[in-house]
Amino acid sequence: MALWRDFGLHLRRAVTKASAGDVCLALPRRYVSHSTTPWRTGGVANASRWNTGAKKSLRPESPSWKETQRCFSITAQAAHGHITPPKPGEEINVTFIDKDGTKVELQVAEGDNLLDIAQANDLEMEGACGGSCACSTCHVIVEDPELFDKMEEPSDDENDMLDLAFGLTETSRLGCQVVMTKDLDGLVVRLPSMTRNLQASDFESK
Amino acid sequence: MLDRAFVRAQCTARVSRRSMLRTKAVSSYSGSHRLSSHAAQVNRPVRVAIVGSGPAGFYAAARLLSKQQDAMVDMYEKLPVPFGLARYGVAPDHPEVKNCEEKFTEVATSPRFNFIGNIDLGNDLPLAVLKPHYDAILFAYGASKDKELGIPGEKALRSVYSARSFVGWYNGLPEHRDLQPDLTSGEDVVIVGQGNVALDVARILLSDVEALRSTDITDYALEALSKSRIKRVRVVGRRGPLQASFTIKEIRELLQLPSVSFHPIPKDVFPPEDVVNGLPRAQKRLMQLLAKGSANDPQTATKSWSLDFLLSPDSLHWSPMHPYRLTHAKFSRNELDPADPYNPTSKVTPKYLSSGKRAMVNLPSSVFFRSVGYKSLPLPGLEDLGIEFDSHRGIIPNDGFGRVKSLSGSGESHKLPDGSLISHLPGLYCAGWVKRGPTGVIASTMTDAFTTADSLMKDLADHNGSGSLLRAPEQSSGLGWDGVKPEAARLGLRPTSWQDWQRIDAAERERGQRKGKVRDKFGRIEEMLEVIS
Numbered sequence: 001m002a003l004w005r006d007f008g009l010h011l012r013r014a015v016t017k018a019s020a021g022d023v024c025l026a027l028p029r030r031y032v033s034h035s036t037t038p039w040r041t042g043g044v045a046n047a048s049r050w051n052t053g054a055k056k057s058l059r060p061e062s063p064s065w066k067e068t069q070r071c072f073s074i075t076a077q078a079a080h081g082h083i084t085p086p087k088p089g090e091e092i093n094v095t096f097i098d099k100d101g102t103k104v105e106l107q108v109a110e111g112d113n114l115l116d117i118a119q120a121n122d123l124e125m126e127g128a129c130g131g132s133c134a135c136s137t138c139h140v141i142v143e144d145p146e147l148f149d150k151m152e153e154p155s156d157d158e159n160d161m162l163d164l165a166f167g168l169t170e171t172s173r174l175g176c177q178v179v180m181t182k183d184l185d186g187l188v189v190r191l192p193s194m195t196r197n198l199q200a201s202d203f204e205s206k
Numbered sequence: 001m002l003d004r005a006f007v008r009a010q011c012t013a014r015v016s017r018r019s020m021l022r023t024k025a026v027s028s029y030s031g032s033h034r035l036s037s038h039a040a041q042v043n044r045p046v047r048v049a050i051v052g053s054g055p056a057g058f059y060a061a062a063r064l065l066s067k068q069q070d071a072m073v074d075m076y077e078k079l080p081v082p083f084g085l086a087r088y089g090v091a092p093d094h095p096e097v098k099n100c101e102e103k104f105t106e107v108a109t110s111p112r113f114n115f116i117g118n119i120d121l122g123n124d125l126p127l128a129v130l131k132p133h134y135d136a137i138l139f140a141y142g143a144s145k146d147k148e149l150g151i152p153g154e155k156a157l158r159s160v161y162s163a164r165s166f167v168g169w170y171n172g173l174p175e176h177r178d179l180q181p182d183l184t185s186g187e188d189v190v191i192v193g194q195g196n197v198a199l200d201v202a203r204i205l206l207s208d209v210e211a212l213r214s215t216d217i218t219d220y221a222l223e224a225l226s227k228s229r230i231k232r233v234r235v236v237g238r239r240g241p242l243q244a245s246f247t248i249k250e251i252r253e254l255l256q257l258p259s260v261s262f263h264p265i266p267k268d269v270f271p272p273e274d275v276v277n278g279l280p281r282a283q284k285r286l287m288q289l290l291a292k293g294s295a296n297d298p299q300t301a302t303k304s305w306s307l308d309f310l311l312s313p314d315s316l317h318w319s320p321m322h323p324y325r326l327t328h329a330k331f332s333r334n335e336l337d338p339a340d341p342y343n344p345t346s347k348v349t350p351k352y353l354s355s356g357k358r359a360m361v362n363l364p365s366s367v368f369f370r371s372v373g374y375k376s377l378p379l380p381g382l383e384d385l386g387i388e389f390d391s392h393r394g395i396i397p398n399d400g401f402g403r404v405k406s407l408s409g410s411g412e413s414h415k416l417p418d419g420s421l422i423s424h425l426p427g428l429y430c431a432g433w434v435k436r437g438p439t440g441v442i443a444s445t446m447t448d449a450f451t452t453a454d455s456l457m458k459d460l461a462d463h464n465g466s467g468s469l470l471r472a473p474e475q476s477s478g479l480g481w482d483g484v485k486p487e488a489a490r491l492g493l494r495p496t497s498w499q500d501w502q503r504i505d506a507a508e509r510e511r512g513q514r515k516g517k518v519r520d521k522f523g524r525i526e527e528m529l530e531v532i533s
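Going down the list, the sequences are from chains X and R. Heads up: the first sequence begins at 1 in full-length UniProt numbering, then just goes up one per residue. Heads up: the second sequence begins at 1 in full-length UniProt numbering, then just goes up one per residue.
Next comes chain X alone, as it looks inside the complex (with noise of 0.2 Å):
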C-alpha cells in the first residue's frame, strides 16, 4: 500500500515538474487527478480540515476491487477540495522542503493558505488547531529573507503561537496564516521536523 501511495505521489509530483509549455501537464497535481471525478466543494471549513495523510490512510475504504483500481490512478482524492486550482496562466509556483530535505513542487492560487495546501497535497504538517492560530505545529520556515520581508507582518496572535515553536528562526510562520499572493511566487517553505532530536541528557533530573 505504502508502495501505491509512493507511487501516487511521484506520478503526481512528476507531473508538475514536467510542466513546461504543456497546459495540459502544467495543471497541479492536484487539479489533474481530480479531473476524473467531479471537483469536491469541501463542506464546512472545519469539517474539511482534516485531509492530512492520515485521513486518507485511516479512513476505511471501500473493499470493491473496481474502486480499489480507481483510487490508485488519483490518489489525490482523498485530499479534500478546500484549495482551489489555479486558473491557467495564473499558476503561483510554492516549494516545500520537507524534513529529509525532498523538495515538493506545486501550482497552487491566489488566496489559499500553506497549510491547506500542504495537507491538501500530503505533505507531512499538521495543524491541530484546525488553522485557527491557536497552536504551532504548522511552523514553517521561509527559505528566502527577501520573500518573507514581502509577506504582510504576522500579527501578535501569530507571533504569540510561533513563540512557542519549536526550532523558531528568524524567519519562521505559521502555514495556516501564510496566504499566496502573486507577490510570494517561488516561495520555498521548509518544513521542521515533527519528532525532536532529543538527547538522553534532555531528560536527566533538573
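It is worth saying that the hints were derived from the structure and are not from the lab. Just so you know, not all the hints are guaranteed correct.
[What the hints assert, rightly or not] Here are the computed lysine to aspartate or glutamate pairs in the EDC-like style, where the Cα-Cα straight-line distance is at most 20 Å:
id : chain 1 : residue 1 : chain 2 : residue 2
1  : R       : Lys67     : X       : Glu158
2  : R       : Lys292    : X       : Glu158
3  : R       : Lys284    : X       : Asp112
4  : R       : Lys375    : R       : Asp390
5  : X       : Lys182    : X       : Asp112
6  : R       : Lys458    : X       : Glu124
7  : X       : Lys182    : X       : Glu152
8  : R       : Lys375    : R       : Glu148
9  : R       : Lys284    : X       : Glu158
10 : R       : Lys415    : R       : Asp462
11 : R       : Lys292    : X       : Asp163
12 : R       : Lys303    : R       : Glu223
13 : R       : Lys67     : X       : Glu124
14 : X       : Lys182    : X       : Glu90
15 : R       : Lys67     : X       : Asp100
16 : R       : Lys284    : X       : Glu170
17 : R       : Lys67     : R       : Asp454
18 : R       : Lys284    : X       : Asp163
19 : X       : Lys87     : X       : Asp112
20 : R       : Lys303    : R       : Glu210
21 : R       : Lys284    : X       : Asp157
22 : R       : Lys292    : X       : Asp157
[Claimed, not checked] If the Cβ cut is set under 10 Å, some of the chain R residues that face chain X in the computed set are:
id : residue
23 : Val97
24 : Gln283
25 : Val441
[Stated by the list, open to error] Some chain R residues flagged as far from chain X (calculated, every beta-carbon gap over 12 Å):
id : residue
26 : Ser66
27 : Cys100
28 : Gly150
29 : Lys284
30 : Ala291
31 : Asp297
Every residue, glycine too, gets a C-beta built ideally from N, C-alpha and C.
Given chain X, work out where chain R should sit, using these hints.
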C-alpha cells in the same frame, strides 16, 4: 487504503500460517523452528495497547496507524468518553484548541483502532491481564493529581480549592462534579502558581458570564459564576516575571478582557530595559507585553487582576468571628538571586527585615486556589510489568524517546543515538505528561507522542523477538482486546466502544443545541451510560 493493505497482509498471514504448518510438519527434523517462529512473528498484526485517550495517546495512535501498516491499536480509557484533557482541561473559551479532537476522531474511524472506555486499568482490570495479549503497551495516562503546597489550612473543606479540581468542575469532569466552589463569600481571590492553568482559572473568574454561555462550559458552572461576587484576582508566584511559566497568549487574553483592568507590575521586579532587549525573542516579547499592561481604564473596569511576584505561601487565615470565612492568605517575601536575577532558571532567596525576621505580607482572600502543577501517579500494577515509577519526578522513567527504562538495570540493553546505553523494558513505552512531566501545550505533546511512536516502530523493526513483549510469539498471543475481553466480562465490566461515545457525543450536542451551546456535557458517568444502555 492502508486498511486494504492490512486485509492483504492478513490474507498473506493466513496463507503463510498454512504454509508454516506445512513447514512444521516436515521440519521436525530439519531444524527450521526458528524460521517458522519468525514467520509467525511477521505475519500477524502488531497489537499495541495505549493506556489513556488524551492528546498523547491519540497522537501516538495516529502516528502508529499511519506509519505501521500492520499495527492495531486498542486504546484503554478510564472514563466512558475519550479525549482526556482536550475535553476536560482545555478552557471552554478556547474551542479552537479542541479542534484536535477532529483529528482524533479521524484516527478512531480506522478499523485498526479500537476504543475501550469505562475501564480503569490497574483498578478495575489488572494491567497484568493485558500483557499476554499485546506486543507493546504504551502509557499515556497523563497526570491525575495535582501538587500540594503543604501549608496550614490547605486541606480546608471550604474556600480552598485546587485549580485542577476547579478546571475539572467547570469542564464537567465527573470526578469534580460536586465541588460546588463558593464564589459568593467575598470579592478577593488568590491563586498560587503562575502557569497557564492559573491563568485559565483567573480568566474564567473574570470573564463576563454571557461570553461563556455559548461555550461547552457546564450549566452548573455557569450558574455559580453568574452569582459570583469576585472582583479582584491575584495570581501569585514565588519567583519573578522571567521565571514564570505562563505563556504570552494567555497573558494577552487576560489583558484584553473587556471591563477588566490590570494592576501594573512594580518596576523593581522587572529586568532593566537593556536586559529585556538582549533576551531571546519569546521572553523579550512577553516582558514587553507585561510592561505595557492593559489598555482598560481601572476607573470604569468592574473587575481587576494582578500578577504578584516573589511571594511564597505561608498560611491561610479565617475570620475569628465567622470561622467558615476565609479572610486572607499570608505570604513570605522572596528576593531574586542577586548573582543571576534574570535567568529563567534563577532561584529565589527569602527576604529578611533589618530586624532579622522574614518579611511577610497578607493578601486578602475569600477564595484560594493552588495551581502549582499537576502530578502523575503510578498506575496500580505497573510493578507487575517491571516498571519502577519515579515518584519524585512523577513520571515513568524513560530514555527521552519514550522507551520505559529500568532503573535497576533489569531490562534489555539499548543504545541511544548519542551512544549512551540504557536498560529498556522491551515493549513498554510512554508518552505525554506521564513521560516528561506535566508541562507543555498540545503541540509539544504531539511532538512527544510522535517521538514515542517512532521509537516503538524502530524497535519493532530492529527487534529479534527475544524479549518479553514486542512480538515475541511465545509470549504474546497477539489477540489484543479479544484476549482481554473475556476477563473484563468475567469481572462484570461494561466497556464503552467508539460507537457508544458517538451516541453520547450526539446526545450532548443535542442537549447543547437546545440551550444555544456547542454541547452540554454529562457531568456524571451514570448519565453517560444511561444514553447507551
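Against the structure shown, which of the earlier numbered hints fail to hold, in ascending order? 1, 3, 26, 27 and 29
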